[in-house]
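What follows is the residue order along each chain.
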Amino acid sequence: MTTQLFSWPRYLKKTAFHYCPGCGHSIIHRLVAEVIGELDIGAKTIGVPPAGCAVLAYNYFDVDMVEAAHGRAAAVATGLKRVLPDRIIFTYQGDGDIAAIGTAETIHAANRGENITMVFVNNGVYGMTGGQMAPTTILGQNSTTTPGGRDQKRDGAPLDLSEMLGITRGAAYIERTAVNSPKNIRRTKKALTKAFKTQMTGQGFSLVEILSPCPTNWKMTPVDACKWIEGSTAPFYPLKVIKDIVTNI
Amino acid sequence: MSGNHVIGEAAIRAGCRFYAGYPITPQNELTEYMAGAMAKLKDGTFIQAESELAAINMVLGASAAGCRAMTSSSSPGISLKQEGISFLSAMDLPAVIVNCMRGGPGLGNISPSQGDYFQATRGGGHGDYRNIVLGPATAQELADLTMLAFDYADKYRTPVMILQDGMMGQMMEPAVMPDPVDPKRLPPKPWKLDGADGRPSRIIKSLYLDPAEEEQINWNLAHKYEKITDEIQRAETYRTDDAQIIIVAYGTAARIAKGAVNRVREKGVKAGLFRPISLWPFPTRILKEVNKKVKDFLVFEMSTGQMVEDVRLSLEGKGNVRFYGRPGGVVSTPIEIAEVIEGKFGRV
Chain A
496 MTTQLFSWPR
506 YLKKTAFHYC
516 PGCGHSIIHR
526 LVAEVIGELD
536 IGAKTIGVPP
546 AGCAVLAYNY
556 FDVDMVEAAH
566 GRAAAVATGL
576 KRVLPDRIIF
586 TYQGDGDIAA
596 IGTAETIHAA
606 NRGENITMVF
616 VNNGVYGMTG
626 GQMAPTTILG
636 QNSTTTPGGR
646 DQKRDGAPLD
656 LSEMLGITRG
666 AAYIERTAVN
676 SPKNIRRTKK
686 ALTKAFKTQM
696 TGQGFSLVEI
706 LSPCPTNWKM
716 TPVDACKWIE
726 GSTAPFYPLK
736 VIKDIVTNI
Chain B
22 MSGNHVIGEA
32 AIRAGCRFYA
42 GYPITPQNEL
52 TEYMAGAMAK
62 LKDGTFIQAE
72 SELAAINMVL
82 GASAAGCRAM
92 TSSSSPGISL
102 KQEGISFLSA
112 MDLPAVIVNC
122 MRGGPGLGNI
132 SPSQGDYFQA
142 TRGGGHGDYR
152 NIVLGPATAQ
162 ELADLTMLAF
172 DYADKYRTPV
182 MILQDGMMGQ
192 MMEPAVMPDP
202 VDPKRLPPKP
212 WKLDGADGRP
222 SRIIKSLYLD
232 PAEEEQINWN
242 LAHKYEKITD
252 EIQRAETYRT
262 DDAQIIIVAY
272 GTAARIAKGA
282 VNRVREKGVK
292 AGLFRPISLW
302 PFPTRILKEV
312 NKKVKDFLVF
322 EMSTGQMVED
332 VRLSLEGKGN
342 VRFYGRPGGV
352 VSTPIEIAEV
362 IEGKFGRV
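Note that the protein sequences, when read in sequence, are chains A and B. Using our numbering, read the first sequence as starting at 496 and increasing by one per residue. Using our numbering, read the second sequence as starting at 22 and increasing by one per residue.
Calculated from the structure, these hints are not laboratory results. Mixed in with the good hints there might be a few duds.
[As the list claims (entries may be wrong)] Quick partial rundown of chain A residues pointing at chain B, CB under 8 angstroms, derived from the structure:
1) 558
2) 559
3) 564
4) 571
5) 572
6) 582
7) 603
8) 681
9) 692
[Unchecked claim] Label pairs and their calculated CB-CB ranges:
10) 113(B) x 580(A): 21 to 29 angstroms
11) 238(B) x 652(A): 39 to 47 angstroms
12) 510(A) x 313(B): 56 to 64 angstroms
13) 206(B) x 505(A): 33 to 41 angstroms
14) 650(A) x 248(B): 48 to 56 angstroms
15) 678(A) x 176(B): 30 to 38 angstroms
[Stated by the list, open to error] Derived coverage of chain B by chain A (criterion: at least 3 residues anywhere in the stretch with Cβ under 8 angstroms from a Cβ of chain A; other residues may be distant):
16) 60 to 70
17) 83 to 93
18) 217 to 229
All C-beta atoms in this analysis are idealised placements derived from N, C-alpha and C, irrespective of residue type, glycine included.
Could you put together the complete structure from these sequences and hints?
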């Protein structure tokens with residue numbers, strides 16, 4: 496008698512990821528698909544991918560998906576959710592998408608308390624366009640547009656988007672996690688589960704920010720990229736529950 | 022009812038159940054009307070969005086979910102919506118967009134203008150696409166064309182723009198409201214997203230990294246536009262039967278031109294009016310029929326000359342085309358246009 500402990504998630508298509516070796520998107524895609532399967536919401540879930548590395552997310556998630564223009568996922572998700580209030584709507588966005596070009600849409604969706612779930616993948620660079628400075632690039636971090644490292648006087652300070660969202664009246668649940676270690680991956684899955692449950696119980700806006708490695712643009716090995724999160728990014732963006740007014744989950 | 026209210030009521034009667042908008046003059050009455058009307062409906066959504074960009078993208082989401090959805094704005098706001106309109110077009114998603122045109126470019130002013138004709142009829146945003154553009158000239162047409170706009174949007178799966186202006190939007194005029202449509206009884210949308218329950222999951226997208234595939238997408242759109250061009254050219258002809266000169270004007274300009282035609286007719290000048298109603302597709306076929314009998318045309322626009330290009334393209338050199346325009350929010354009188362018809366001023 497054997498027991499199956501690990502299998503391909505039902506809501507992940509059997510397609511190879513295009514992501515670079517060591518990229519956090521592959522892990523996060525899997526976690527989102529696992530959570531959708533475990534909560535048994537795949538038949539009523541609609542996803543909104545971003546512009547950026549994860550634009551092709553619709554090739555991987557086996558749920559209905561509608562693309563959004565760069566930064567507009569929160570607005571598209573708002574339209575979907577208001578028309579289909581009993582469906583589960585999630586967006587999947589990178590830092591440039593959600594925290595630069597889409598800041599207004601994101602803050603206002605949170606502030607309206609839209610009953611949607613946003614997955615915010617923070618790797619501190621614009622990955623798809625070749626590693627330019629993101630709103631979340633930490634001080635001193637190199638990028639193709641911050642030669643010598645991000646300098647606050649020259650390049651502006653990194654944006655703490657999740658903390659900003661945390662002070663909106665409409666946000667119900669916001670947590671920052673990471674996927675640089677097995678322990679953090681398990682915590683991320685727990686946070687994603689809670690975020691989707693927040694929506695399923697109609698309690699309002701939920702978002703999980705996930706610190707994620709980008710070895711290609713950070714010019715590091717995958718192992719060093721995970722260490723960099725531990726030693727540099729996570730101390731800058733502390734892993735913690737930022738807002739939680741959710742009850743009975 | 023003001024023109025903006027007429028559009029709002031007609032949209033509700035057409036089964037529109039989602040509206041997102043942002044305040045801008047001279048179209049605020051429409052946004053306010055939708056707020057009140059949607060609040061009275063069990064299945065209606067009104068959102069005052071944080072921006073024009075957000076509003077059009079909310080409409081995109083609602084449309085992807087299968088709902089009849091609308092947004093409205095005025096010239097500067099329509100510029101901001103162009104990103105979303107390009108995406109809607111690429112994704113074959115229906116939507117109705119109302120542009121209550123004002124003086125421009127830039128902030129311009131809040132007076133009636135027709136300066137956005139090129140933007141509306143040439144696509145407006147990035148990429149190789151067109152939108153159906155309807156140019157109403159009466160309150161009755163605001164009602165009828167709004168109903169029609171939703172039908173066209175669903176039938177051809179494309180954004181449809183109602184191109185009116187500050188005069189139409191603010192003006193009070195009686196109109197008979199069309200019978201309401203029950204949104205539940207509209208034709209089904211087998212492409213919409215509502216969760217892959219018992220069917221394969223669906224994707225609505227506009228990214229095609231393979232140039233060959235993207236080329237095919239562009240040709241698919243082009244074929245759709247050919248079909249639309251063939252099927253929905255609309256125009257009004259007024260006193261053209263014995264006319265020796267035809268004034269070509271749309272919307273508010275056409276109302277002024279009609280007064281001018283009547284005025285010069287009293288003096289024995291055989292003038293007629295050709296009023297395009299579908300601005301894209303331009304009613305070339307109907308204009309060509311008129312051109313079989315008349316060679317002299319005067320195009321009058323509340324701009325420095327945009328539609329005049331479509332008139333010249335349609336006539337293919339087989340007519341003499343004069344142009345007279347008043348841009349920047351200036352509204353001519355019928356007396357002024359009558360004098361232009363009589364050749365007192367105007368340029369070729």
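Could you see if the CB distance from residue 650(A) to residue 248(B) stays within 48 to 56 angstroms? holds (51 angstroms)
Looking only at beta-carbon atoms, does the pair residue 510(A), residue 313(B) fall within the given range of 56 to 64 angstroms? For residue 510(A) and residue 313(B) the Cβ distance comes to about 59 angstroms; the hint holds.
Given residue 582(A) was flagged as interface, is its beta-carbon under 8 angstroms from a beta-carbon of chain B? holds (5 angstroms)
Per-stretch coverage check for the segment 217 to 229 of chain B, three Cβ contacts closer than 8 angstroms to chain A: n = 10 at 8 angstroms, threshold three: holds.
Taking 39 to 47 angstroms as the stated bounds, is the beta-carbon spacing between residue 238(B) and residue 652(A) within them? At 41 angstroms between Cβs, range holds.
Minimum Cβ distance from residue 571(A) to chain B below 8 angstroms? Hint holds; residue 571(A) Cβ to chain B Cβ min 4 angstroms, cut 8 angstroms.
If you take the shortest Cβ to Cβ gap from residue 692(A) to chain B, is it below 8 angstroms? violated (18 angstroms)
Take the C-beta atom of residue 678(A) and the C-beta atom of residue 176(B), compute their distance, and say whether it sits inside 30 to 38 angstroms. Check failed, 55 angstroms falls outside 30 to 38 angstroms.
For the restraint on residue 558(A), tell me whether the closest CB of chain B is nearer than 8 angstroms. Where the cut-off is 8 angstroms and the nearest Cβ of chain B is about 5 angstroms from residue 558(A), the hint holds.
Quick check: does the Cβ-Cβ distance between residue 206(B) and residue 505(A) fall within 33 to 41 angstroms? holds (36 angstroms)
Falls inside 21 to 29 angstroms, the C-beta gap from residue 113(B) to residue 580(A)? holds (25 angstroms)
Under the criterion of a CB-CB separation shorter than 8 angstroms, is residue 559(A) in contact with chain B as hinted? Holds, because the Cβ-Cβ distance from residue 559(A) to chain B comes to roughly 4 angstroms (cut-off 8 angstroms).
Going through the hint list in order, the structure does not satisfy hints 8, 9 and 15.
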